[in-house]
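Student: These protein sequences, in sequence, are chains A and B.
So for the first sequence, this note's numbering puts the first residue at 111; every next one is plus one.
So for the second sequence, this note's numbering puts the first residue at 37; every next one is plus one.
Some clues are possibly wrong.
Claimed, not checked - Dumping the calculated SDA-like pairs for lysine to any residue here, alpha-carbon to alpha-carbon at most 20 Å:
1. Lys289(B) / Arg167(A)
2. Lys167(B) / Tyr193(B)
3. Lys307(B) / Asp163(A)
4. Lys448(B) / Pro517(B)
5. Lys259(B) / His220(B)
6. Lys292(B) / Thr143(A)
7. Lys120(A) / Pro315(B)
8. Lys149(A) / Val311(B)
9. Lys182(A) / Leu156(A)
10. Lys299(B) / Asp163(A)
11. Lys149(A) / Asp309(B)
12. Lys639(B) / Pro544(B)
13. Lys307(B) / Arg173(A)
14. Lys118(A) / Asp310(B)
15. Lys299(B) / Arg160(B)
16. Lys640(B) / Phe73(B)
17. Lys165(B) / Leu201(B)
18. Lys247(B) / Asp221(B)
19. Lys417(B) / Arg173(A)
20. Lys417(B) / Arg449(B)
21. Lys167(B) / Asn83(B)
22. Lys268(B) / Pro144(A)
23. Lys268(B) / Tyr193(B)
24. Lys417(B) / Tyr153(A)
25. Lys265(B) / Leu286(B)
26. Lys417(B) / Leu156(A)
27. Lys149(A) / Pro517(B)
Calculated from the structure, these hints are not laboratory results.
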Amino acid sequence: MNLLDLPKGKSARIIDYRGGRNVDFKLRQLGLTPGRTVKVLRYAPLGGPLMLDVEGRSVALGRGIAARVQVKVSK
Amino acid sequence: MRIALIGQPNCGKSTLFNQVAGYKAETGNFSGTTVTFTESKVRVLGNVIDVVDLPGTYSLAGTNPAEREVIKYLTSNAVDVVINVLDASYLSYGLGMTVELLELGVPMVVALNMMDEADRLGIRVDVEKLKDFIGAPVIPTIASKGRGIQPLFVTTYHIGQEKKLPIQPIYSADLERYLSSLIHDLAGVESNLNQREVAIKLLEGDQEILKDVLQQKPDIEQKLETYNKSLKLDRGQSPEWVINSERIGLADKLAKQVIQQGKRRITFREKLDDVLLHPLFGYVFLVLILFGFFQLVYTIGGVLEAPLMELFEKLEVWILSLFTNDSGFFPQITVALVQGVSGGVAIVLPYLVPFLLGLGLLEDVGYLPRVAFLMDAVMHKLGLHGKSIVPFILGFGCNVPAIMSTRILEDKRERFISAALSTMVPCAARLAVVFGLVAYYLGPVLALGIYLFDLFVIALTGKLLSKLVPDESPGLILEMPVYRIPTFRTVSSKAWWRIREFIVEAWPLLIVGSVVLSIFNYLDIAVYLNTLVRPLSWLLGLPSQVGVPLIFGVLRKELSLVMLGQALGSMDFNMVLTPVQMITYTVFVVFYIPCLATMIVIKKELGAKMMWQIAGLTTLVATLAGLVARGFAMIIF
Chain A
111 MNLLDLPKGK
121 SARIIDYRGG
131 RNVDFKLRQL
141 GLTPGRTVKV
151 LRYAPLGGPL
161 MLDVEGRSVA
171 LGRGIAARVQ
181 VKVSK
Chain B
37 MRIALIGQPN
47 CGKSTLFNQV
57 AGYKAETGNF
67 SGTTVTFTES
77 KVRVLGNVID
87 VVDLPGTYSL
97 AGTNPAEREV
107 IKYLTSNAVD
117 VVINVLDASY
127 LSYGLGMTVE
137 LLELGVPMVV
147 ALNMMDEADR
157 LGIRVDVEKL
167 KDFIGAPVIP
177 TIASKGRGIQ
187 PLFVTTYHIG
197 QEKKLPIQPI
207 YSADLERYLS
217 SLIHDLAGVE
227 SNLNQREVAI
237 KLLEGDQEIL
247 KDVLQQKPDI
257 EQKLETYNKS
267 LKLDRGQSPE
277 WVINSERIGL
287 ADKLAKQVIQ
297 QGKRRITFRE
307 KLDDVLLHPL
317 FGYVFLVLIL
327 FGFFQLVYTI
337 GGVLEAPLME
347 LFEKLEVWIL
357 SLFTNDSGFF
367 PQITVALVQG
377 VSGGVAIVLP
387 YLVPFLLGLG
397 LLEDVGYLPR
407 VAFLMDAVMH
417 KLGLHGKSIV
427 PFILGFGCNV
437 PAIMSTRILE
447 DKRERFISAA
457 LSTMVPCAAR
467 LAVVFGLVAY
477 YLGPVLALGI
487 YLFDLFVIAL
497 TGKLLSKLVP
507 DESPGLILEM
517 PVYRIPTFRT
527 VSSKAWWRIR
537 EFIVEAWPLL
547 IVGSVVLSIF
557 NYLDIAVYLN
567 TLVRPLSWLL
577 GLPSQVGVPL
587 IFGVLRKELS
597 LVMLGQALGS
607 MDFNMVLTPV
617 QMITYTVFVV
627 FYIPCLATMI
637 VIKKELGAKM
647 MWQIAGLTTL
657 VATLAGLVAR
667 GFAMIIF
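I would like the entire structure built from these sequences, with the hints used as guidance.
Tutor: See below:
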C-alpha cells in the first residue's frame, strides 16, 4: 500500500519509494527514509496535500508524491 | 577572518545572524546567480571579522543552485571557519548535513541552537559526547533570546585562528575500500576539495567535479565506471544512494548516541494546526488573516499616503512659484524630480514598510507554509502551487511587494507565472482609475463587473501560461515548521534590508524615469507619442489623445486618469468619452504594462528578460481584454 491508502491518524513504516533523483533527496532530507515510521496527521480538502508526522516534525506532501511512497502498517 | 553560517531552513540561522549583524549588513549575489547571501562585520575579542549568512540548504549534494554555490564558496579560500547551526530539537536531520561538512574538511564549530525547543520536547543532548564524535566544538545556543552567542563567536574565532580541522567521517568498510582505490587513482589531481571528498563526489555522480577531474586525468572515467558497476552490484543501489544512505545512517547513529529522550510536553502550539488547518475553519482563518493583513497594510498606507502627497503637492506649487515662467525647462524638470521622489516616499513606501513588516511576521511565525498547504489544491487548477496565493493577495495593495513576495517560491517557472499574474491584479492606484471613471460615470455595478472580469482574465492567462510552460516539479514537499513567536529584531531587520533594496536600486530609476518623461513633455512631443500609440488606440476605438496619458501611466498608474483629463481638455469625461470608450480604456489601463516601480522590481527579482516578457504579455492581454470589453460594452450601450 502507499501513503494515500493510510487514513488520518494511522501510522505506518516506509518501505520504499521511487520519485526521481531530486524528489528522493528531498524526502530523505526531511527524514522520510525507508524504515522510519510516519503518521498521517491530516489531509487538505479538495485533493490537496497531506501532512505527516515524521518523528515529531511535520512535513506536507502533495498527493502525487505520497502515492509513490510504499508503506506497511506497523503492528 | 571570515566566518560562514550554514544550516538547514528553519534552524534559526538567520535569527542568530541578526543577533550579531549590524544595520550595515550587505546583501550580495553569488556571481552570475540569483542565490543571495548576507554579510556583516562583527567585533569579536576586539577584532573586526566578516560573518556571512549563507542560504539555508538541506544538504550539500548540489541538487539545486543554492547548494552548488554554497559548496563552491565553502571550499574557496574565502572562508576561514564555518558555524554549522543545528536545531537541537531535530538533531538527527540536521546532523545529515553536519556529516557532509565533516567530509568537506573545513574548520568548523557547531551551534546547537533552539535548546529551549529541545527542552520542551524533552530532548537532552550530550554536548560533550557530540563534541568528541565530530572533533569540533559544540556550543549550545538559544538565538532568539541571544543566549550562547558570545561564547559561540569567541570559540569560532579561536578555531579559525588555529585552523583546526574536524574528524573525517568513516563509512562502511566496503564503501571505504572503493574510496581508497579511487583516492589512489586520483593521485596528482588538483582540486579545491580534499582528495577523499573528490572521490566521494565522483562516486555520487557530481558532473562538475567529474569534468574538472577528467581534464587532468582522462583515464579516470573508465575506472570510475568499473567502481560504479561493482558497487551497484554489491549493494543493489546506485552509488549515489549508497553514499546518501551512509550519511543518513551515520547521522542517525550519532543522534541516537547523544540524545536522551525524556517526557514530551504538549503545548497549545501543537494543537493550533487542528484549528488553522481545519478543512473548514482553516479556510475561514486563512481569509480572515490575509484579509486582515491586506486591510492593515492598506489602511496604514492610506493614512500615510494622503498627508505625504499633500505635502509634496504643496512643495511643487512652492517650487513653481519661485520661477517667473513656471512652464520653463528648469521648473518643469525640478517638479519632475520632486515627483520622482514623492513617488517613492508618498506612494510606495507607505505600503511597502507595513507590508514587509507583516510579511516578515507571517514568515517567522510559520504561517506561510500553512497557507501553501491549504491552497495547494486550488492553485493547482491555475497550474501553480499553494504558496503562489500570497503575491496575488498582496497585489491588490501594490504590485511592488507582490513581486517581492514571489521570493518565497523556489521554482523559477512558478515565480515567473506568479509575478506575471500578480501584475494584472488591480492595485490601489488602478482602483482609483476604475472608481474615477467607471464607478463615477457609469455606476458601481459596472466597476464590480470590471473587477470580476479582471479575475477571470487572470485565471485564463494563468491557465494558458501553465500550458505553455509545463510544470516539471513533482509536487509539494514542504516542511511545516513549529509555530514560533518571532523576535522584533529579526522581523524588523529583514524588512529593513528589503526596503533598502528598493531605496537603493528601484527609486533612483523612478526619479530618472520621471525626469525623462517631463523632458518629453517639455519638448512637446506629445503628438509623436500619440501617433506612436495610434494603432492601439484606433484598434480599441479610443481617441488618439489617449497616447500621452497611457505612456505616462507607466510611470504611475493614477496618471493615466489625471492626465487623461489634460489630454482631452476636460475633466468631465461624460462630455469627451462615450461609455464604451470609458470601459475599454479602463480595462486596458488595468492590464497593460505594470508601473515603472513594479517593472524595476521585476528586473531586480527575475531579470531583464522576464521583465520584457511580462511587459509584452501584459500589453497583449490588455489589448485582447480591451477588445472583448469593447464588444461587451457595445452590446450593453
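Student: What hints, given by number in increasing order, does this structure fail?
Tutor: 4, 9, 13, 21, 23, 25
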